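I would like the entire structure built from these sequences, with the hints used as guidance.
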Amino acid sequence: MDDALRTVIKERAELLRRLKQSLIERLNLYQTVEQIDDDTPLFGMGLRLDSIDATEVIAILDAEFGVQSGLNDGADPAFMRTINTLVDFIIDQKKYPLMLGR
Amino acid sequence: MNNPLADIHRREGVDLVNKNGISVPLSYGFPDDEYTALRHTAVILDYSHYTKVVISGSDAFDFVDGIITGRLGEVYDENALYSLVLDEAGGIRTDCYVLNNDEKFIILAEHIDEQQFMELLEGVRANDNVTFASMACSHSLIVCEGPYSWELVKECFGMDIVGIPYLGFMTTYDGIVIFRCGKSGEFCYKLLVPFPHTVRVWELLIQKGVAFNARKAGLSLQEITRLENPFWNPSAIGGFTKNPIELQLQWAIRYDKEEFWGRESLKFMMSRGCGHKVVGARFDGSENDISKVERGDRIFYRDNEIGHVINTGYSAFSPQPGHIALVRLLTEYAYAGIESYEVRPEHGDRVALNTCSTPFLVTKSFFIDPHVHSYLDGNKPKDYAEGLVAER
Chain A
1 MDDALRTVIK ERAELLRRLK QSLIERLNLY QTVEQIDDDT PLFGMGLRLD
51 SIDATEVIAI LDAEFGVQSG LNDGADPAFM RTINTLVDFI IDQKKYPLML
101 GR
Chain B
1 MNNPLADIHR REGVDLVNKN GISVPLSYGF PDDEYTALRH TAVILDYSHY
51 TKVVISGSDA FDFVDGIITG RLGEVYDENA LYSLVLDEAG GIRTDCYVLN
101 NDEKFIILAE HIDEQQFMEL LEGVRANDNV TFASMACSHS LIVCEGPYSW
151 ELVKECFGMD IVGIPYLGFM TTYDGIVIFR CGKSGEFCYK LLVPFPHTVR
201 VWELLIQKGV AFNARKAGLS LQEITRLENP FWNPSAIGGF TKNPIELQLQ
251 WAIRYDKEEF WGRESLKFMM SRGCGHKVVG ARFDGSENDI SKVERGDRIF
301 YRDNEIGHVI NTGYSAFSPQ PGHIALVRLL TEYAYAGIES YEVRPEHGDR
351 VALNTCSTPF LVTKSFFIDP HVHSYLDGNK PKDYAEGLVA ER
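Sequence lines, in order, name chains A and B. Per the working numbering, the first sequence runs over residues 1 to 102. Per the working numbering, the second sequence runs over residues 1 to 392.
Honestly, the hints are just simulated from the structure, not real lab data. Values in this document were obtained by computation on a predicted structure and should not be read as measured data. Glycine included, each C-beta is placed from N, C-alpha and C at the ideal position. Any given hint might turn out to be false.
Quick list of in silico lysine-lysine cross-link-like pairs, DSSO-like style, CA-CA up to 30 Å [claimed, not checked]: (1) B:Lys183 to B:Lys242; (2) B:Lys382 to B:Lys183; (3) B:Lys183 to B:Lys104; (4) B:Lys267 to A:Lys10; (5) B:Lys104 to A:Lys10; (6) B:Lys267 to B:Lys382.
In silico negatives: residues of chain A with every beta carbon more than 10 Å from chain B [to be verified]: (7) Val8; (8) Gln21; (9) Ser22; (10) Asp37; (11) Thr55; (12) Ile58; (13) Ala59; (14) Asp62; (15) Phe65; (16) Gly66; (17) Val67; (18) Gln68; (19) Gly70; (20) Asp73; (21) Ala75.
Here it is in structure tokens:
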């Protein structure tokens, strides 16, 4: 693996780890980081979160990653489907912060 | 085994397929239309091939809980759980729904035939405080699935349908169990129908479905929908891996349970670490080149072989139609959002591959609230997008 790919993967792996750890701590999940897969759904099946948990997820994005959800500005909530889509959202928002609320 | 709908299917000349010993429709001959109906309105399917078993008795709870990877104690009456049943090596034997029906447990399993499943249960039954009863000769399973399936089922069975939560169910006065679940990402209702009512319910859904432009559909529809929204799918991927950790299905496993089949093997795999993981991918290349990619084709990063394709197909889902795949990669390479890999097909030119998160799509159902929207009522918006336009 060359340095460029290693850097991309390392950044994503670190975001995934931090997000899972935050969810475990703030939502009192029973799993360990290793037991939560990257494509785990957040609602319905998967982590089986509810609407109250959803506000906590939004708070985590803000407090832990400095990212605004933009949901109050009419942003598409589809980014909240899985752990991976949340990380996609974090990466996108860090790259293009001016597109908040798109 | 019986299927009360068999005569109707034969009369209509539908392509049938034998699954778990029961003949069910494979396709009604218009796969594109069946797919469009699933993703935009509703489809009606005969899923009588599902294994359907009732487990009861004073030890039924402990017995079922000891088999499945999920925690049965979290399932209230008239609710259900999606879970896995593992083999001794920790591989997936089948997935299933377990419905808590007044201290009896109904198990619906798609990928194991009933005789096999009953033998499996019989093999571990310790005493007579647990009894099994087959529903194969008493109940059909009819499925209504799609973004407006809730409204179609409501038209047939009344307003209570709208109140059924995800993984909840209700039983009608004539014994029909209406269970909300699904594996396509759309609203879905499985109707467990006693044989005397099967034909009537099937015809009622078809008749009421006309107003929704609903279509009858067959099992072949799963080939793409189970790829778009991955679940355990042994016919497509079972030959490559049965490992729930590789398949990212750990959410269906309660590691904190003291006992379930395959638990020790799974924990061993967990401690050792998995060499591979399955992730989603989209191809980037010419239609001609992509069409030559097949299951088993090898994936490379530069000149290092890092995995292989385990399932592939064309998703017509808008706004991002295209060829999609599930790929099994070495764990250190198995992340979404990587645009550096390529497939080297056995019989074609190299094709670039971009890994991505799954499910591959955000379904129309995601934007529909049965309490607010309607397909039939012109005074209500059809979905959130239409509602926003109306507000402006």
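Checklist entry - Any of the earlier hints contradicted here, and which numbers? => result Of the numbered hints, 5, 6, 7, 10 do not hold.
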